[in-house]
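**Q** Sequence:
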Amino acid sequence: MRNLWIFISRYNAFFFFIIFFTAGIIITLKNNVFQRSVTLNSTNEVVGSAYERLNVLKRYLNLGQVNDSLAIENAKLKTELLSLKNIDSSKTVIVRDTVNQQQYTLLSAKVIKNSVTQRNNIITINRGSDDGIVKDMAVISPNKGVVGFILNVSPHLATIRSLLHKETLISVNLKKNNAFGSLVWGDGNFDFRKAYVKEIPNHFKVSIGDTIVTSGAGGFPKGIEVGKISKTQISTGDSFMTLEINLFNDFSTLQYVYIIKNRLAEEQKVLETQTPNEQ
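The working numbering numbers the first residue of the sequence shown as 1 and each following residue consecutively.
Please keep in mind that the hints were generated in silico from the structure rather than gathered at the bench. No experiment lies behind these values; they were computed from the predicted model shown. Any given hint might turn out to be false.
Claimed, not checked - Listed next, with one range per pair, are the computed distances between beta-carbon atoms:
#1 ASN178 x LYS269: 56 to 64 Å
#2 GLY132 x LYS176: 34 to 42 Å
#3 GLY132 x GLN233: 41 to 49 Å
#4 THR232 x LYS166: 22 to 30 Å
#5 HIS203 x GLN118: 31 to 39 Å
As the list claims (entries may be wrong) - As a list, the in silico DSSO-like pairs of lysine-lysine whose alpha-carbon atoms are at most 30 Å apart:
#6 LYS135 x LYS231
#7 LYS175 x LYS228
#8 LYS110 x LYS269
#9 LYS176 x LYS231
#10 LYS175 x LYS269
#11 LYS144 x LYS231
#12 LYS135 x LYS113
#13 LYS166 x LYS194
#14 LYS205 x LYS222
#15 LYS261 x LYS110
#16 LYS269 x LYS222
#17 LYS135 x LYS194
#18 LYS222 x LYS175
#19 LYS261 x LYS198
#20 LYS144 x LYS261
#21 LYS205 x LYS261
#22 LYS175 x LYS144
#23 LYS222 x LYS110
#24 LYS135 x LYS269
#25 LYS231 x LYS110
#26 LYS113 x LYS194
#27 LYS194 x LYS231
#28 LYS175 x LYS198
Using N, Cα and C, we set each Cβ at its ideal position, and we do this for glycine too.
Could you build all of it, start to finish, from the sequences and the hints given here?
**A** Here is the structure:
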């Protein structure tokens, strides 16, 4: 206590100045309408600016959570869209049990590791077997384009064999005439923005700008847009041609993906691998 009194007595002039200065401001604002109005407006402006900056900071810190929720919501909407595409518009269809009738459902996942510069590129996501993920499930991007297939799975994580991988082969066709081909990458060109469609029959007419879509085989629903033709003919054989396409999906900026759960995948796999009993 003695030290406190010594400190106050030593700096008493400063403390008196603060007290009288504060009292002078209070008296001035209390008895002068103009000064009070100006001070209140200035204070409100400062406080408002501070709150605005604080809200901007809060929104920035919550961006990750917002993106996750949007990805989940988009997955639900895309699932509903796929169900609508599979309905024959020439008939009246009433689906009473959408859970059991829906062939495809989408699950959103966040990309936690990705590569685009390797010969065989792998993507790691934050979903695993606990979320119902199994090997060979098809994966697409949130906007347009295919990503690849589930490669390995742990309880909470999974890896994707990217389209940018020498072993990835996806069945596609030309949107305008349904000509079938195989989508591959890295055949002499390792640009992550381009890929090739092989085994297109020569008698089909193709043009620059034509859209390539999934054919409906290999776990991908039919009609997912993959890219546009950038070169109409790279090489020709006796019966087939190879096309170069610009991919819709930008693998270098991939942050979220959708894993496609096909309700009939296991049934189809068993059926197609059955050994025929024919002689």
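**Q** Determine for every hint whether it applies to the structure shown.
**A** Hint by hint, here is what the structure shows:
no., hint, verdict
1, ASN178 x LYS269: 56 to 64 Å, "24 Å, violated"
2, GLY132 x LYS176: 34 to 42 Å, "36 Å, holds"
3, GLY132 x GLN233: 41 to 49 Å, "43 Å, holds"
4, THR232 x LYS166: 22 to 30 Å, "25 Å, holds"
5, HIS203 x GLN118: 31 to 39 Å, "37 Å, holds"
6, LYS135 x LYS231, "34 Å, violated"
7, LYS175 x LYS228, "10 Å, holds"
8, LYS110 x LYS269, "28 Å, holds"
9, LYS176 x LYS231, "16 Å, holds"
10, LYS175 x LYS269, "26 Å, holds"
11, LYS144 x LYS231, "20 Å, holds"
12, LYS135 x LYS113, "18 Å, holds"
13, LYS166 x LYS194, "14 Å, holds"
14, LYS205 x LYS222, "21 Å, holds"
15, LYS261 x LYS110, "16 Å, holds"
16, LYS269 x LYS222, "18 Å, holds"
17, LYS135 x LYS194, "26 Å, holds"
18, LYS222 x LYS175, "10 Å, holds"
19, LYS261 x LYS198, "27 Å, holds"
20, LYS144 x LYS261, "18 Å, holds"
21, LYS205 x LYS261, "34 Å, violated"
22, LYS175 x LYS144, "14 Å, holds"
23, LYS222 x LYS110, "24 Å, holds"
24, LYS135 x LYS269, "13 Å, holds"
25, LYS231 x LYS110, "33 Å, violated"
26, LYS113 x LYS194, "21 Å, holds"
27, LYS194 x LYS231, "11 Å, holds"
28, LYS175 x LYS198, "15 Å, holds"
In this structure, the earlier hints numbered 1, 6, 21 and 25 are contradicted, and the remaining ones agree with it.
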